[in-house]
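J.: Here are the chains, one letter per residue:
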Amino acid sequence: MARLAKWLRLAALIGGAAFVAVPSIPAVAGVDLPKLEKGKGEKCVEETQFMRRNHMDLLKHHRDETMRKGIRTTKHSLKKCVECHASETTGSVAASKEDFCAACHSYAAVKLDCWDCHATKPGKNPLPQMGQGGQVGQTSPLMASTQNGGSK
Amino acid sequence: MAQQLCINQGECHTGKFIALLSLGGLVTLGALFAFFTLEHHGHILTGMNNQIVWGLPHVFAVFLIVAASGALNVASIGSVFGKQVYKSRAPLSGMLALALLSGGLAVLVLDLGRPDRLIVAMTHYNFKSIFAWNMIFYNGFFAIVGLYLITLMDHNLKAWTKPIGFLAFFWRLSLTTATGSIFGFLVARAGYNSALFAPMFVIMSFAYGLAIFLVVQTTMYSWNGLTLDLAIRRRMKRLLAVFVGASLYFTIVFHLTNMYFAKQWEFERFILVDGGIYTTLFWVGQVFIGGIAPLGLLFVKRAPGEHAISFTVLAALLVVVGGICQMYVTIVGGQVFPLKMFPGHEVQSTFFDGVVNTYNPSIYEWLLAMGGISIAFLLTAFAVRVFKFMPQDDFSAMQMRRSTD
Amino acid sequence: MSEQFKQEGGENSDRRAFLKTGALVTGAALAPGVLLYGVAHSRAPEEGASSKVRWGMLIDTTKCGDGCNDCVTACNTENGLSGKTGPQDSQWIRKVDIKDLRTGYVQSLPMMCQHCENPPCVDVCPTGASMKRADGIVLVDRHTCIGCRYCMMACPYKARSFVHEPLTEQNPDVPRGKGCVESCTFCVQRVDRGEQPACVEACEANGHKAMIFGDTMDSESEISKALKSADSIEVRADLALNTGVRYQGI
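Top line first, the protein sequences correspond to chains A, B and C. Letter 2 of the first sequence, counting from 1, is numbered 2 in my numbering, and no numbers are missing. Letter 82 of the second sequence, counting from 1, is numbered 234 in my numbering, and no numbers are missing. Letter 71 of the third sequence, counting from 1, is numbered 628 in my numbering, and no numbers are missing.
Keep in mind that a hint or two might mislead.
[As the list claims (entries may be wrong)] Taking CB as the label site, the calculated pair distances span:
{"#": "1", "chain 1": "A", "residue 1": "Thr89", "chain 2": "C", "residue 2": "Gly764", "range": "40 to 48 Å"}
{"#": "2", "chain 1": "B", "residue 1": "Lys415", "chain 2": "C", "residue 2": "Ala762", "range": "34 to 42 Å"}
{"#": "3", "chain 1": "B", "residue 1": "Gly428", "chain 2": "C", "residue 2": "Ala601", "range": "29 to 37 Å"}
{"#": "4", "chain 1": "C", "residue 1": "Ala601", "chain 2": "A", "residue 2": "Glu88", "range": "27 to 35 Å"}
{"#": "5", "chain 1": "A", "residue 1": "Thr90", "chain 2": "C", "residue 2": "Pro723", "range": "12 to 20 Å"}
[Claimed, not checked] Short derived list, chain C residues pointing at chain A, Cβ under 10 Å:
{"#": "6", "residue": "Arg600"}
{"#": "7", "residue": "Ala601"}
{"#": "8", "residue": "Glu604"}
{"#": "9", "residue": "Arg690"}
{"#": "10", "residue": "Asp692"}
{"#": "11", "residue": "Leu696"}
{"#": "12", "residue": "Asp698"}
{"#": "13", "residue": "Val720"}
{"#": "14", "residue": "Cys737"}
{"#": "15", "residue": "Val745"}
{"#": "16", "residue": "Ser786"}
{"#": "17", "residue": "Ser789"}
{"#": "18", "residue": "Ile790"}
{"#": "19", "residue": "Asp795"}
To be clear, the hints were calculated from the coordinates, so they are not data collected in a lab. Ideal Cβ positions, reconstructed from N, Cα and C, are used throughout, including at glycine.
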């Protein structure tokens with residue numbers, strides 16, 4: 001029994017030490033910060049610092065809004081992130097270790113499972129946004145009916 | 153340390169114990185290997201497909217889960233119905249229940265398409281889903297039976313044994329009802345969609361659980377060079393016979409009902425007559441090996457002696473084999489039979505409509521399935537060694553009781 | 558207002574009662590129906606799917622081409638499916654050939670997720686990943702799908718597929734991946750843009766015009782008019798699921 005207690009104490013000590021050490025690991029290791037490729041366009045939809053801390057929450061919120069409620073705003077959509085941040089060389093946000101998402105996430109050692117399902121590259125011909133798609137749907141009965149409604 | 157930890161044995165066979173652990177560990181490692189391989193490559197490596205979505209892992213998992221709740225029955229007879237013989241077996245029964253449930257659940261989880269999202273399953277509940285209810289029942293089962301074991305083992309908490317024993321009894325009935333209803337609630341398929349699944353699974357759990365209990369108990373006694381008291385042996389033997397008989401009864405009622413409904417004729421013909429392997433597994437496995445043969449063994453009249461016990465154990469083993477056959481017929485057989493979308497029509501498509509599907513489990517499914525058994529085995533072997541699970545019969549008290557009865 | 562496919566407590570008897578008085582109601586329903594329709598389609602991106610819409614499909618099996626597979630091909634292209642038909646490959650829509658055993662009458666029809674009002678897949682899903690959108694489209698939320706496949710056991714139409722291997726190069730509009738269950742989405746990405754599902758478009762393009770898609774709550778829509786003018790059935794009507802997809806000619 002005494003031996004068991006000794007092991008437990010040792011385990012607790014190691015656990016405690018790890019807990020204290022974790023926040024300081026990057027500083028200790030001295031790893032260079034990832035160099036991120038600049039995205040397309042003037043600036044991001046939010047402040048860079050804000051995005052660094054909160055992009056996951058924005059994405060998660062947006063994913064549920066789109067998926068469950070069918071809200072299709074583009075400001076915080078993953079698809080739009082990919083369109084701006086896909087690498088010039090690989091055309092992707094996560095194909096190589098230097099690509100936008102992969103670079104930071106491998107640095108921070110946070111595993112992503114977005115790309116199990118989502119495309120890491122923008123579509124070949126980005127589709128028109130909703131509201132501008134009149135041309136596409138003009139011949140369809142859906143749109144025809146809308147126009148009927150309008151003329152009434 | 154190891155010497156101090158062997159409690160149930162007269163003498164410690166540490167070598168044998170390590171050998172058993174290694175064997176169980178090896179099989180468990182096999183299951184982990186299968187799990188990581190599937191996690192990497194996907195279920196493409198299994199024999200499961202879009203028609204047979206639940207295969208061999210589910211057969212063993214559901215069997216273990218059903219048997220788990222049944223194994224607790226021995227404790228319930230003691231605590232809820234106050235039978236002394238069973239009371240002294242309550243700790244072993246509770247422990248076995250937890251071990252079997254762990255094995256079964258492990259297989260279910262390891263077979264998920266996204267096992268990494270197990271936390272989602274624990275945090276997002278759709279309360280209309282009987283599957284979600286099952287998860288609550290499984291988790292609750294661990295908590296309640298765990299508490300129950302503590303009250304059994306700590307003399308200060310003895311007063312709590314009965315109320316918690318009651319709770320555990322009702323919980324296990326709910327759990328098996330829910331497990332049966334996983335199939336009973338499937339409205340679309342001919343093989344399921346019956347309220348009978350709930351009580352049938354409860355009865356079958358009695359039989360499977362008791363059978364496993366008897367095998368484990370006999371093994372423990374024989375390792376210690378002890379023999380089980382004849383009266384106790386007879387009692388448990390008769391109880392197993394009652395449960396096996398009741399399982400057969402439910403099986404008969406289930407199929408008779410189906411045979412009365414014209415829309416179910418084709419399914420019944422498939423299972424009972426021309427379903428190939430499924431027909432064989434039903435008649436030979438479920439009915440004969442799991443029903444008629446053990447009944448014969450249990451009722452055979454013979455002089456009390458060395459053989460009687462091995463006959464009971466043999467019967468119990470047959471019940472286990474028959475139980476796995478039953479699960480295979482229920483789970484896989486129910487899926488291979490084509491879904492009827494257009495009654496009275498011959499149907500053909502690229503998606504195997506109207507076709508009796510085939511299922512060939514791959515090595516990975518076998519590894520996962522065996523892993524469930526090995527996990528239950530490892531936990532049992534370990535628990536039996538480090539805790540006091542050997543039934544302690546107070547024979548003088550039993551004699552008294554018998555004479556007053 | 559059209560109650561033909563009403564979302565809550567849609568009993569068959571209600572529908573029948575409605576059909577009897579259909580002509581009378583139509584006149585009154587015209588204006589609000591059209592209005593709703595307008596709202597649904599000129600809907601701004603920040604507006605979600607509305608319960609005032611119920612998307613549905615009407616399939617006329619007499620027009621469906623025997624041996625024609627255009628709807629399937631269009632679906633595969635739009636949604637990035639491989640088009641392979643092995644037992645472990647995904648098929649969101651498939652052509653089913655049926656032959657009446659008594660009369661020998663042969664027909665061909667497309668079968669896919671029927672977008673039930675009371676979907677068994679949604680009922681059985683333990684995590685709520687299987688879900689029905691306000692406008693009646695049944696979807697799988699892959700973020701919470703754990704890949705247990707219970708929905709596949711429950712679906713009366715075998716409409717669902719499980720992704721058996723890792724995928725790459727998905728269509729950005731149609732995320733899909735290993736370990737999750739998936740099925741026809743009515744091409745929700747197109748519908749939200751005011752377009753038709755790919756299968757319907759393909760069927761129209763090849764001249765068969767066997768599939769009509771639209772809002773069944775709008776009495777002025779083509780589908781509502783078609784539904785009103787001829788008898789149609791739902792497959793496995795005995796289950797009372799009130800499917801969004803209905804068939805004529807079976």
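J.: Can you name, in rising order, the numbers of the hints this structure does not satisfy?
T.: 3, 16, 17, 18 and 19
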